[in-house]
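2 protein chains.
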Amino acid sequence: LASPAIDAGRVIADLRELQRRTGDADGAQRLCWGAQWRVAREYLQELLDEIGLEATRDAAGNLWAFLEGEREPALAVGSHIDSVPNGGWLDGAYGVMAGLGLLRAWARSGRRSPRTLALVDFADEEGARFGRSLFGSSAVAGTLDVQEVQALTDAGGRSIVQVLAENGVELARVGEAAAGLEHIGAYLELHIEQGPVLAREGLQAAAVTGCAGVERLRFGFIGQAAHAGTTPMNVRHDAGLAAATAALEVERIPTAHGGVATTGELELQPGIATAVAGEAWLSVDLRHPDPAALELMLSGARRSCAEAATSRECRLEEIAIWRIEPIAFDPQLVELAAGAIANTTGTEKRITSGALHDAAELARVLPATMIFSPSIAGISHARAENTEDADLAVAIAAFGALASAVMMTE
Amino acid sequence: LASPAIDAGRVIADLRELQRRTGDADGAQRLCWGAQWRVAREYLQELLDEIGLEATRDAAGNLWAFLEGEREPALAVGSHIDSVPNGGWLDGAYGVMAGLGLLRAWARSGRRSPRTLALVDFADEEGARFGRSLFGSSAVAGTLDVQEVQALTDAGGRSIVQVLAENGVELARVGEAAAGLEHIGAYLELHIEQGPVLAREGLQAAAVTGCAGVERLRFGFIGQAAHAGTTPMNVRHDAGLAAATAALEVERIPTAHGGVATTGELELQPGIATAVAGEAWLSVDLRHPDPAALELMLSGARRSCAEAATSRECRLEEIAIWRIEPIAFDPQLVELAAGAIANTTGTEKRITSGALHDAAELARVLPATMIFSPSIAGISHARAENTEDADLAVAIAAFGALASAVMMTE
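In the order they appear, the protein sequences are chains A and B. Each residue of the first sequence is one higher than the last, beginning at 1 in our numbering. Each residue of the second sequence is one higher than the last, beginning at 1 in our numbering.
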């Protein structure tokens, strides 16, 4: 007996209604722990009410809804309903509404799904308010260190402890969310690519093989500030030009090793037209799906910065910002995803995600994978974020087929 | 009969007392139009009282004091007593106190100087509060455009019109200061170099041949902001790297043309570690004493920026910030200055100033020149600004000899 199909038109309509209720002319405004995020969750509960399901919240503020099937543990599907400020209508919400569409299809089919299905909406994937991404999913995966986040404040100076408490979450106890894992056997997530690859290749969907690891640092070049008019060229120690040289060398690292390398932040001191820069602070963000290659990228970046500093007799400082190791998705689930996409779209495409997702945290503790839909012009985290309805519908169908295949496995 | 010598010890003592009265632990605080600047001027009046001279103020707030000599028009000597915030004890004040020392020497000699001597303290040379440098001297030279400055406000939002009025200066009438020129035949200024050249060459003084012209612009590189993780290297239009390339090319311009080229300001947008920069704004400050060479530098900078933009498919914008043509000092006065320095120090050195000075404005309308003293480590506009007392004394002696030579000329 075939699995009931997800009603893609309804999923897209739910997404549009969500945007109508919580967005504005500048885009999506479902900033986690805020009023519009709570409105989004109320809407989610309305949609669950429609199919007779009640949502529960775990200790980290993640929302769960279970549709009982023939076997345990459950197959979890979902993503995050929170957005960045002025964000797009699809980022996160797409996977939540598609997952809800899967539960709705089974609930209305009059049959029990082969496995219990769990819809999950992870809290604060974006980290837009306190700077800690993947909050809820890392709590579930057991990688959220309360000590590391308890001192965080938002731009208005309000404490994460207080803001979470207002949302019914006690920071000290978020680790208890990991207990929910015992009911879950695997995790699937549908998401937009947020990059240009699928759109440029004219593809409607791709299986995601994992999330690239990230090494993010800030290098400080300490030279000597000097008067732009009175300081001869040959006695300068221009920290800005040392950083410029380093940035151009860092850009070349992926040529040898693959991956991506970005220097998006560069601050000069004193940073005025009439002075040679005495200090320059350059961010370096390196990403690669392979741990060994990522390590080579990091040593290459350090070498480039050291050489650029030395050549201008600048001192070099290095500050770690953040790092995460590459996380590969479950090979069997990736194969099933690639097969479902091939069956639905006629093309097989695998892609590594350069952005982090809740699925990366879940993949630490469960078999997990994702399906990506194309992002028009690669734009995301902006009002202009969009995907053709037809492409969304195809990927939703592939996601449904993948869920069926996973439920049938074992 | 020999001219009376300037008492260099007294000049240095006056400078120390000025710093004691108006400076603090962070350096000189004689910000023009402020309380400490008025204290500095009161001290100047005390010193003039000592030799029986009364100061007058012209329509631009410049302070003048005349010591009648045997002939008119007067030889003017001076500089500016205002400083940048947290400035040095010598910048500007040095030339004012040395000029006063010259008038004191003649006043106490019991003889009349061969020419009338005029001490001038120009108002707001630094432009530190409203961003318009050479305020008082440009009013005298007739190059201060009231229309261009009347909308200026300080960092606290206060209008230049109001702040000047509080200091007895009516902005609309500052042009009347030019009338004072009819009494002046030439202008001499003693100043610190504010750069490292003399100190590195072990020289005690130099004759200044003129002030370099300046072309100051801001170039905007408009690329495409993109996600650092999801955007492959080969589809990026990284505006930050376009600006980095341009900055490194601009640095090479003086190799071919001489002069100095500085890119001290670089702003990236969005300017975060996780995004490819979509915009970059780079300042370019070019200086050269020769107009034709400066023009070549400017076209070279434009070409470098255009090529860097094109190579990354960025759009280029150009905004003019400020420009001033090179100003050569009077060749005869420069020769006299070089000769006075050679007689005093045993070495002859000519230097072009890369910084602007009041003498540059005066040189537009009068024969003028300057003498520079070395700046230890080239440091200026900072508390650490300093020159050895012995070097100050030698340059003061050379300045006195120059003034005598000029008074004897004609």
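One should not assume that every hint holds.
Claimed, not checked - To give an idea of the interface, some chain B residues facing chain A are shown, with a C-beta separation under 7 Å as derived from the structure:
| no. | residue |
| --- | --- |
| 1 | L248 |
| 2 | G264 |
| 3 | E265 |
| 4 | Q269 |
| 5 | G271 |
| 6 | D285 |
| 7 | R287 |
| 8 | I327 |
Stated by the list, open to error - Just a few of them, taken from the derived set where beta-carbon distance is under 7 Å, the chain B residues facing chain A:
| no. | residue |
| --- | --- |
| 9 | N234 |
| 10 | G258 |
| 11 | T262 |
| 12 | L298 |
It should be emphasised that the hints constitute simulated quantities derived from the structure, not laboratory data. Backbone N, C-alpha and C define an ideal beta-carbon position, used for all residues, glycine too.
Structure-based check of all given hints:
1. For the restraint placing L248 (chain B) at the interface with chain A, the shortest Cβ-Cβ distance is roughly 6 Å, inside the 7 Å limit, so the hint holds.
2. Look at G264 (chain B): its Cβ gets to within about 5 Å of chain A, closer than 7 Å, so that hint holds up.
3. Because the closest C-beta pair between E265 (chain B) and chain A is about 5 Å apart, less than 7 Å, the hint holds.
4. Nearest Cβ of chain A to the Cβ of Q269 (chain B): about 10 Å, over the 7 Å cut. The hint is violated.
5. Taking 7 Å as the C-beta cut-off, the interface hint given for G271 (chain B) holds, the closest approach to chain A being about 6 Å.
6. With 7 Å as the threshold, the beta carbon of D285 (chain B) comes within range of chain A, its nearest partner Cβ sitting at about 5 Å, so the hint holds.
7. With 7 Å as the threshold, the beta carbon of R287 (chain B) comes within range of chain A, its nearest partner Cβ sitting at about 5 Å, so the hint holds.
8. For I327 (chain B), the shortest C-beta to C-beta distance to chain A is roughly 13 Å, which exceeds 7 Å, and the interface hint is violated.
9. Violation of the interface hint for N234 (chain B) is found here, the shortest Cβ-Cβ separation to chain A being roughly 9 Å, above the 7 Å cut-off.
10. At a threshold of 7 Å, the smallest CB-CB gap from G258 (chain B) to chain A is about 9 Å, leaving the interface hint violated.
11. Taking 7 Å as the C-beta cut-off, the interface hint given for T262 (chain B) holds, the closest approach to chain A being about 4 Å.
12. The beta carbon of L298 (chain B) is not positioned within 7 Å of any beta carbon in chain A (closest approach about 15 Å), and the interface hint is therefore violated.
When held up to the earlier numbered hints, the structure conflicts with 4, 8, 9, 10, 12 and fits the remainder.
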